[in-house]
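Participant: The listed protein sequences derive, respectively, from chains A and B. Quick note: the first sequence uses this note's numbering, first residue 1, plus one each step. Quick note: the second sequence uses this note's numbering, first residue 1, plus one each step.
None of these hints come from the bench; they were simulated from the model. Every value quoted in this text rests on a predicted model; they were computed, and no experiment measured them. Ideal Cβ positions, reconstructed from N, Cα and C, are used throughout, including at glycine. Be aware that one or more of the hints could be misleading.
[As the list claims (entries may be wrong)] Derived pair list, reagent style DMTMM-like, types lysine to aspartate or glutamate, alpha-carbon separation capped at 20 Å: (1) A:K304 to B:D106; (2) A:K304 to B:E158; (3) A:K455 to A:D529; (4) A:K155 to A:E107; (5) B:K72 to A:D529.
[What the hints assert, rightly or not] From the derived model, a few chain B residues whose C-beta atoms are all more than 12 Å from chain A: (6) R2; (7) T38; (8) T42; (9) D75; (10) R98; (11) D106; (12) T118.
[What the hints assert, rightly or not] Label-pair distances were calculated between CB atoms; the ranges are: (13) B:M144 to A:D109: 35 to 41 Å; (14) A:G112 to B:N27: 18 to 24 Å; (15) A:E483 to B:E78: 50 to 56 Å; (16) B:D132 to A:Q345: 20 to 26 Å; (17) B:L16 to A:E483: 35 to 41 Å; (18) B:E78 to A:Q31: 53 to 59 Å; (19) A:E102 to B:D132: 21 to 27 Å; (20) B:M88 to A:E165: 48 to 54 Å; (21) B:I125 to A:D27: 41 to 47 Å; (22) A:D109 to B:T116: 53 to 59 Å; (23) B:E78 to A:D381: 49 to 55 Å; (24) B:E78 to A:L559: 28 to 34 Å.
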Amino acid sequence: MVVRALRDEGVKYIYGYPGGALLHVYDAIFQQDEVQHILVRHEQAATHMADAYARATGKAGVALVTSGPGATNAVTGIATAYMDSIPMVVITGQVMSHLVGEDAFQETDMMGISRPIVKHNFSVSHAEEIPTVIKKAFHIAQTGRPGPVVVDIPKDMTTPTERFEYEYPKSVKLRSYNPISRGHSGQIKKATDLLLAARRPVIYAGGGVIMGEASNELTELAKLLNYPVTCTLMGLGAYPGTDRQSLGMLGMHGSYEANMAMHHSDLILCVGARFDDRVTNGVDKFCPTAKIIHIDIDPASISKTVKADIPIVGPAQGVLTEMLELVAGSKKHPDESALKAWWEQIDEWRARHGGRYSTDDSELMKPQQVIEMLSKVTNGDAYVCSDVGQHQMFAAQYYKFNKPNRWINSGGLGTMGFGLPAAMGVKLNFPDADVACVTGEGSIQMNIQELSTCKQYDLPVKIINLNNQSLGMVRQWQDMNYESRHSHSYMKSLPDFIKLAEAYGHVGMKVEKYEDLEAAMREAFALKDRLVFMDIYVDPFEHVYPMQVARGSMRDMWLNKTERT
Amino acid sequence: MRHIISVLLENEPGALSRVVGLFSQRNYNIESLTVAPTDDATLSRLTVTTIGDDRVIEQITKHLNKLIDVVKVVDLTEGDHIERELMMIKLKASGATRAEIKRTADIFRGQIIDVTPTTYTVQLIGASDKLDAFISALGATSIMEVVRSGVSGIARGEKTLSL
């Protein structure tokens, strides 16, 4: 019934790892070929694959893990999806119901463990309710503010000899769950008036624009108004990164112009973002002259950290469409001279920093150069799946995303080990697309066993390993705040990644000189059917800049190792 | 400020733990908590008293509403309401104090519900501050045990919390 329900939900791939509590389910998987199962090497990878599929498509990914250690290994992946509001259904096996609570072999209380990191969880107590529970799980995961849902199924609920009437519900209704389907018209009207009266506006777009499939509406609105747009780490791609009106990312490692524009603005239109601490810096000093319009599907995200002047609860797409109509039909227009002056100011900021970095202080390649090359070689069109650390920030800053759903990274939880399984999940579902895993020698080793899964299922992703032989982000903080005492941020005894890749049956490439980079990268992407592990040696002393000064305002930034605003 | 928040909850296993978990996870405070089924067997009613400023209370009600098992939420302290709490208090009652306890219990309209030669158990129903006042009127020396139900509340007038 589990497999049939997944089939009827239209699931093509599930990612998982078998175990005692799931043997009945795995037997059912064996006897059909509509739902294909991908066997990972560690359950965490299964959840990240499902998660990345969701990030790239907007539809819930499905992971299947056994009870006990299988379920606990999946916890990091569930929390990763939860923090970034990613729809996912995770089916966990459970010991037989009569053994629950008796500390049986491979028993853990997955309902209890997962509770704080799921949108909802279900425990199946009657086999006949499996189809309805699975339908509800998808419904909850994919509607409203999306999120992961866990379905815990005791082994005896899947006994094949016990047979029940099967019917997969077309839809489900829950009396206590009614996600908002449209924004309040009065609020939208008020917001539009404020928007048109702004003299120094900024549009601040988050992951909600991407998950809410509102990139087109957002782009159209920004174009119509000629207002600048900055995206959060999760929102990259919501607005074309190469467009003149794009200020790039904002926040801790945001661009100089984005952070300056936010600080000096008189109106912020926030769409699908949540004023996270990595964006606002010191909340008490946040954008002192700005009025705030906040559009979000989740009422609890509004006025959580920063008070909104005009809150609008609703789906980004619908609200922006209504705003577009109001703006297009309005007799009022933004003050042209004020807007012109605002753009001049922004262009001046842009000219002052504009993402420059120095290449003179080291013989070695700069990580920024590698990302810029990746952007060039793939025409800014690849799916870039990132791990967590300096390389993630460099990728966010220097890869210019022109389309939504192409930037796949663990933003909220910051999960090292996310990149490779994420790239696998994307490649499997988009076999013709270029899929890069931007990683570092620290992160890649957290799920490196998946090179084996890549071989089994022929997943030719390109691994861009920015090898600086240290845990770069930790080291940067130690340089800046701990007088360069590099406590455990240095990795001795790194493996020979080339040999390692070859041992798993893949291609390894070592690049040490910038002159060789372009040719090597082009060669790697030309090898369409092979996984290439590019081990690229970069300057280990490079820092990510700009970097906001802790507890300061948006405009307080280090611009390089010696200069600050 | 102290708030009394009433919640209608699906009468499902684990529903209570979601509510309690939310409070600990987000660092909200629980002063008291009561929960019991209602006339509709599929619903439980939960009353929680908590302390927080307006921003915190707004977040609490929003997050409670987000829980899938929560059907309805109301902050009773936003309008006219009645609150009651039940207390049973066991007191050392011998010699001269015995009569004094009886008198104090009468003043507070408490009932003596268990008697031994050396103890009284008094039942008292009222708002929490009345219960507090009774305890301080007694003085700590004679108190052997206190059990309080936590606050239950209901809105005045026609307003109801129902489906």
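Participant: So which hints don't hold here, by number, going up?
Facilitator: 1, 2, 5, 8, 16, 17, 19, 21, 22 and 24
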